[in-house]
Amino acid sequence: MNLLDFARGAAMKWSLAVFVFGIFWRLTGILLLHRTHDYSVPRAHGALLGALRTIIARSWPRREFRARTAYGLAVSYAFHIGLAIVVFGFVPHILLIRSLTGLGWNGLPDGVIYFCAVVTLIALIMALIRRVTHPVLKLLSNFDDYFSWVVTAAPVVTGLLTVAHYGARYETLLALHILSFEVLLVWFPFGKLMHGLLLPVARGQTGAFYARRGVNP
Amino acid sequence: MAVSTAGEIPVRVADAEQSCGSGRVLAILSEVESMLTRLADSGTCGSIDLRNLLAGPGDRETLRRILAEGEVSAVVRALGETQVHETAVRGVWWVTHCAEDGKTVAEFIEVTHVPEILKTPPDDIADGLEVLFAKRHALDG
Amino acid sequence: MSKDDSIEVSLRKQGISRRAFMKFCAATASLLALPPAMAAVIAETLGRARRPSVIYLSYQECTGCGESLTRSFSPTLENLMFNVMSLDYYETLQAAAGTAAEAARHTAMKENWGKYLLVVDGAIPRGHDGAYCTIAGESAVDILTGAAKGAAAVISVGTCAAFGGIPHASPDPTGAVPVSQVIKDKPVINISGCPPVPEVITGVLAHYLTFGSIPELDHLGRPKVFYGDTIHDRCYRRPYYDAGKFAKTFDDEGARNGWCLFELGCKGPITYNACATVKWNQGTSYPIQSGHGCLGCSEPDFWDKGSFYQALSTGTWSGGTVLGAAVVAGAAIGVGAAVVSRRRQARADRKKQP
Amino acid sequence: MSTDIDAVHPLDTSGARLSIKKPVQRFDRQGDLSDRERTEAAMRAFMHEFGAVTATYLESCIHCGMCAEACQYYVQTGDPRYTPVHKLEPFKQAYKREAGPFALFYRMFNLKPRVSADELQNWQELLYDSCTMCGRCTLICPMGIDIARLVGQARHGMFQAGLVPHELWAVAERAEREGSPLGATPAVFKDRIAWLSDEHGVEIPVDRDQADVLVSMSSIEIMKYPQAIVATAKVLNALNEKWTIRLDGYEATNFGMLSGNVQWQKDLSMKLINAAVKCGAKLLILPECGHAYGAMRWDGANVYGKPLPFEVLHISEYLARSIAGGRLRVKKAAASVTFHDPCQISRRGGATQAPRDVLAALGVELREMVPSRMGSWCCGGGGGVVTIHRADDLRYRVFEIKMKQVDDTGAEMLVMSCSNCRQTFDDGQAHFKWDKTAHSLLELVADNLVQ
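Protein chains in written order, with my numbering: chain A, 1 to 217; chain B, 1 to 141; chain C, 1 to 354; chain D, 1 to 451.
Hint data in this document are derived by calculation from the structure and do not stem from the laboratory.
Treat the numbers as computed from the prediction; the structure is a model and nothing was measured.
Beta carbons are placed, not taken as given, at the ideal position from N, Cα and C, and that holds for glycine.
Take these hints with a grain of salt, some might be off.
[Stated by the list, open to error] Capping the alpha-carbon separation at 27 Å, the derived lysine-lysine pairs in DSS-like fashion look like this: (1) C:351 to D:112; (2) D:306 to D:282; (3) D:278 to D:306; (4) C:115 to C:184; (5) D:266 to D:331; (6) C:13 to C:115; (7) D:266 to C:351; (8) C:110 to C:149; (9) C:186 to B:103; (10) D:282 to D:242; (11) D:278 to A:138; (12) D:332 to D:433; (13) D:282 to D:266; (14) D:96 to A:138; (15) D:112 to D:96; (16) D:242 to D:278; (17) C:13 to B:119; (18) D:278 to D:266; (19) C:248 to A:13; (20) C:186 to C:245; (21) D:306 to D:266; (22) B:135 to C:13; (23) C:351 to D:278; (24) C:13 to B:103; (25) D:436 to D:224; (26) D:96 to C:351; (27) D:278 to D:190; (28) C:115 to C:224.
[As the list claims (entries may be wrong)] Covered stretches of chain C, as calculated for chain B (at least 3 residues, CB under 8 Å): (29) 158-165; (30) 312-322.
Let the sequences and hints guide you as you build the complete structure.
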């Protein structure tokens with residue numbers, strides 16, 4: 001069994017297993033903690049609508065915050081969108097998703113993907129530079145932040161090396177690419193990457209909470 | 001749709017005009033151009049092996065159409081035919097080695113005054129002398 | 001035809017002209033991806049070389065490799081190839097049989113000790129002390145070991161000889177192994193493929209004859225000149241891959257338009273072979289050109305790497321139950337964690353009261 | 001020895017005047033608990049807060065640092081310690097170690113160490129002096145984390161540990177003991193009402209057995225802005241409401257909540273609720289006080305443990321409703337006005353439009369600050385911060401934002417509907433010798449009633 005067989009076989013199986021295992025562990029562990037009932041008379045009904053509104057609207061900062069957050073936001077958006085395009089637009093990735101979920105769609109031309117991957121990588125590097133230089137981010141950052149950065153950037157780097165056939169033989173690069181993504185899968189539930197799943201919950205509960213108060217946060 | 005004979009298999013012949021390999025054709029042409037410059041300047045001959053270059057359907061046809069047929073054509077019969085054509089670009093020759101069953105075994109573009117295979121090798125000239133001597137001897141006899 | 005004649009003399013005796021020989025050399029140079037100018041060097045060297053003795057052994061194989069070899073070039077050039085060698089033992093082609101055949105092998109080995117080329121196709125069964133394959137009462141392992149002792153080089157033809165191939169595939173009842181696991185003290189050239197491209201076999205032989213050395217090999221012992229690029233790198237359909245145009249089924253519009261077969265499981269990107277450049281049947285076509293994805297037959301264990309029709313970027317495992325179990329286990333531990341936390345909170349609340 | 005002192009208090013030679021650099025932030029302690037007892041008490045209180053909602057928030061932070069950009073303390077000082085979510089660090093650490101899904105592993109391998117008394121002490125400044133719980137950070141957080149609410153929860157632990165800024169602790173303790181944080185005891189209040197009633201010739205009903213409307217007041221109004229009591233009476237009398245003030249429940253401020261004592265918060269709220277229940281009030285009017293709105297309008301029922309049997313309105317909401325219903329008529333007041341949104345009423349309370357409707361009825365030209373309403377800047381005095389003397393310098397720095405905002409509108413009059421904001425403005429005005437005076441919306445209405 002060579003590295004690629006391992007990456008496509010046992011490693012994929014177990015990394016996916018750890019991925020779903022961790023997600024369910026963390027989500028149930030959080031969501032089953034106690035809840036209190038709010039007896040106050042709501043100013044407005046439509047908590048669910050408020051939750052949905054905040055889930056969507058919070059993707060964009062309010063006008064008064066835009067100037068001060070523009071740079072950080074642009075960088076984060078760049079790599080988030082870049083990652084989304086690369087992950088969901090590249091045909092080999094779509095095939096993987098289809099093989100796992102049965103859902104498939106048409107991919108984008110490789111030139112677009114390569115461009116996006118390079119932009120993503122640049123944005124990730126800019127985000128890292130910002131994290132190690134900005135006084136606030138320096139203060140807040142811990143192992144999770146840096147390790148999550150590594151496991152996010154690694155598949156992008158190995159993916160680019162793979163399509164460029166640079167540094168090693170293609171099958172080795174492909175194996176490393178798949179393995180690096182599997183490391184991401186394993187880390188996902190246990191670190192900050194989980195924000196991908198916690199985002200709607202956190203935004204939603206704030207949206208619902210303030211919608212009762214007639215506030216649109 | 002049931003396909004019962006080979007003729008019903010929906011096959012589409014690749015269109016030379018839309019060949020994906022046109023980039024490769026352009027690359028070959030620029031290589032030929034630099035070789036021809038060298039031939040004109042210093043008399044250095046060059047040749048290009050087309051085996052790995054014309055991979056796409058239609059590439060060969062496109063290249064042939066562009067270079068076009070010139071003034072000279074020759075056929076060498078040795079272990080099958082070898083066809084030698086000067087293209088419309090003078091000094092640029094298209095050499096196709098075929099086996100006895102007509103299949104192509106190698107194909108070159110040669111940039112030269114006369115392709116090597118057309119020239120008679122020294123050993124064969126000696127053979128020629130022997131043959132001529134034998135023929136004249138027979139007539140004399 | 002004497003074995004002591006140089007190749008050129010022996011060819012002239014067969015009435016092959018100098019031009020014809022040059023043509024053969026040009027074709028060989030082309031095949032080896034050498035610059036066209038090297039044809040003259042090949043002609044010069046081959047002309048003076050002695051015809052080498054070749055001993056060809058077959059074990060767990062299907063003779064597909066032999067069939068392939070005999071279809072290299074066209075019949076005339078192929079003859080030429082065989083004529084520059086002295087094929088002293090090949091069960092499939094030789095007239096001799098039984099003890100006469102074995103005697104021929106022993107004679108050839110003795111006469112050319114240290115100089116002959118040993119060509120092997122098929123895997124070697126090592127299970128039960130090699131009992132699964134014996135010839136004249138001798139096991140394949142023993143014959144191979146003995147023959148290899150006097151060989152200048154060993155060439156494994158086909159994926160079975162090179163990597164174990166189908167005999168080695170799971171569950172491998174005979175303990176089949178590649179030649180390289182039996183012969184450790186001699187250079188072994190692997191010419192993989194199921195079967196290998198015929199011109200690649202003859203090309204490697206020609207290289208050995210011309211240069212007297214084995215060509216540069218990759219980490220799997222394959223000549224880089226033929227196995228240096230992937231099928232994908234050299235595929236004429238590559239532009240469609242780059243443009244994101246894929247056939248989704250074998251008879252859709254994309255398939256008819258000749259789009260990339262990646263989604264249909266083509267293993268071209270991880271398969272190193274010369275199919276896309278040398279092609280098959282005298283350059284007529286190769287699997288992808290004929291509309292079928294590459295199976296990756298020149299790679300080790302290609303038979304055990306999941307479906308031929310499953311895309312390369314997908315997993316090769318089937319573990320729905322493992323994932324299901326992971327969901328249940330994760331949820332159970334999560335519930336447990338929440339229960340423990342709630343209990344600890346209740347305890348803290350009680351302590352807080354007084 | 002002297003070198004130690006120099007290290008702790010180095011000379012500041014870079015400022016406009018030579019001085020000693022601000023000493024290491026001091027912290028206050030209540031009681032004589034050991035460090036260990038303090039952390040254990042804090043942990044027990046923290047543990048109580050770790051429900052599913054809080055847990056989701058604490059799990060969601062991605063350390064993006066955006067909340068800093070919404071926080072007046074960071075914006076004005078550039079000190080990263082004032083990053084809102086950083087103020088929650090011990091709280092978060094306690095959560096991860098004690099209640100999160102991986103808590104067992106955090107404890108087993110000590111991945112998150114126990115929160116220490118030192119840490120809690122160091123965080124006192126961050127959780128009290130430099131946070132008004134104004135909720136701007138809640139608005140900016142891309143994960144939607146309600147940071148302001150979490151700060152309120154973290155204060156619960158700080159109180160149990162006896163680590164509250166002394167002045168804030170003292171007013172809270174006084175409120176619990178005397179019923180008012182600022183000495184407005186029932187006796188004092190009664191005297192004031194009698195005097196105001198005489199002075200202004202308004203009838204102020206006290207301790208009616210039955211009333212439709214119970215009016216509550218803020219101690220700040222009683223002691224500093226007694227005109228507010230008169231204004232309230234004028235409005236309610238003009239509306240012919242059957243209303244009362246009750247001496248067994250009049251204090252609307254809740255320093256139990258601000259300081260972080262859950263029991264005191266409940267005690268203070270229950271006084272008001274019981275008084276309203278006793279006189280059968282259908283409506284409880286909250287005075288111009290921001291946190292009182294949060295404490296009663298939104299937390300009241302939860303303290304009570306069931307829905308309140310009466311409606312709760314902020315005075316501005318009551319005015320707006322009365323004007324809209326045509327029951328209250330006001331004269332046009334010709335002036336340009338800018339309105340300061342009290343955070344707890346507007347951004348976190350939802351009563352944002354009511355004061356604007358009132359101002360529209362008064363016919364004034366409303367010149368909004370930029371930003372206003374939801375995105376409005378805090379005055380810097382909320383969350384009990386205005387009581388903390390050592391936080392004055394910091395408070396004045398953030399007040400500069402507010403002054404600039406007000407000046408930029410060019411409005412003739414500055415109006416707000418929170419007496420705590422108002423006293424913060426008054427203090428800032430005195431400190432900066434500023435030319436703007438804060439006015440009460442209620443008093444503006446009372447002064448322009450059509451009789």
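Hint-by-hint comparison with the structure:
A C-alpha spacing of about 23 Å is found between residue 351 of chain C and residue 112 of chain D, which places the hinted pair at or below 27 Å, so the restraint holds. A hinted pair counts as satisfied when its Cα atoms are at most 27 Å apart, and residue 306 of chain D with residue 282 of chain D qualifies at roughly 16 Å. About 17 Å separates the Cα atoms of residue 278 of chain D and residue 306 of chain D, which keeps this hinted pair within 27 Å; it holds. Taken as a hint, the residue 115 of chain C and residue 184 of chain C pair is honoured in the structure, with Cα atoms around 18 Å apart against an allowance of 27 Å.
Between residue 266 of chain D and residue 331 of chain D the CA atoms are separated by roughly 41 Å; this puts the pair beyond 27 Å, and the hint is violated. Of the pairs offered as hints, the one joining residue 13 of chain C and residue 115 of chain C holds, with about 25 Å between alpha carbons and a cut-off of 27 Å not exceeded. About 19 Å separates the Cα atoms of residue 266 of chain D and residue 351 of chain C, which keeps this hinted pair within 27 Å; it holds. Between residue 110 of chain C and residue 149 of chain C the CA atoms are separated by roughly 11 Å; this keeps the pair inside 27 Å, and the hint holds.
In summary, the hint linking residue 186 of chain C to residue 103 of chain B is not supported, as the alpha carbons are separated by about 38 Å, beyond the 27 Å threshold. Distance check on the hinted pair: residue 282 of chain D and residue 242 of chain D sit about 10 Å apart at the alpha-carbon level, within 27 Å; holds. Distance hint between residue 278 of chain D and residue 138 of chain A is unfulfilled; the C-alpha atoms sit about 56 Å from each other, more than 27 Å. Between the alpha carbons of residue 332 of chain D and residue 433 of chain D the distance comes to roughly 31 Å, so the proposed pair goes past 27 Å and is violated.
Straight-line distance between C-alpha atoms of residue 282 of chain D and residue 266 of chain D comes to about 21 Å, which keeps the hinted pair within the 27 Å bound. Between residue 96 of chain D and residue 138 of chain A, the direct Cα distance comes to roughly 21 Å. Compliance with the 27 Å bound is thereby established for this hinted pair. At most 27 Å may separate the alpha-carbon atoms for a hinted pair to count; residue 112 of chain D and residue 96 of chain D meet this at roughly 7 Å. Restraint check for residue 242 of chain D and residue 278 of chain D: satisfied, since their Cα atoms lie roughly 15 Å apart, inside the 27 Å limit.
Pair hint residue 13 of chain C plus residue 119 of chain B holds up; C-alpha atoms about 22 Å apart against a cutoff of 27 Å. The suggested pairing of residue 278 of chain D with residue 266 of chain D holds, with an alpha-carbon distance near 18 Å, which does not exceed 27 Å. Of the supplied pair hints, the one linking residue 248 of chain C and residue 13 of chain A holds, its CA atoms being roughly 25 Å apart against a limit of 27 Å. With a C-alpha separation of about 47 Å, the suggested pair residue 186 of chain C and residue 245 of chain C falls outside the 27 Å cut-off, and the hint is violated.
Proximity of residue 306 of chain D to residue 266 of chain D is assessed by CA-CA distance (about 13 Å); at most 27 Å being required, the pair is judged to hold. Taking the CA atoms of residue 135 of chain B and residue 13 of chain C, the gap is near 21 Å; set against the 27 Å cutoff, the hint holds. Taking the CA atoms of residue 351 of chain C and residue 278 of chain D, the gap is about 34 Å. The hint is violated against a cut of 27 Å. For the hint linking residue 13 of chain C to residue 103 of chain B, the alpha-carbon distance of about 26 Å falls within 27 Å, and the restraint holds.
Restraint check for residue 436 of chain D and residue 224 of chain D: the C-alpha separation of about 18 Å stays at or below 27 Å, so the hint holds. Proximity of residue 96 of chain D to residue 351 of chain C is assessed by CA-CA distance (about 21 Å); at most 27 Å being required, the pair is judged to hold. About 19 Å separates the Cα atoms of residue 278 of chain D and residue 190 of chain D, which keeps this hinted pair within 27 Å; it holds. Distance restraint check for residue 115 of chain C and residue 224 of chain C: the Cα-Cα separation of roughly 24 Å lies within the 27 Å cut-off, and the hinted pair is therefore satisfied.
As drawn, the segment 158-165 of chain C meets chain B at 0 residues by the rule of a beta-carbon pair under 8 Å; below three, the given contact is violated. Interface restraint, the segment 312-322 of chain C with chain B: violated (0 residues with C-beta to C-beta distance below 8 Å; minimum three).
Of the numbered hints given earlier, the model fails hints 5, 9, 11, 12, 20, 23, 29 and 30; all others are met.
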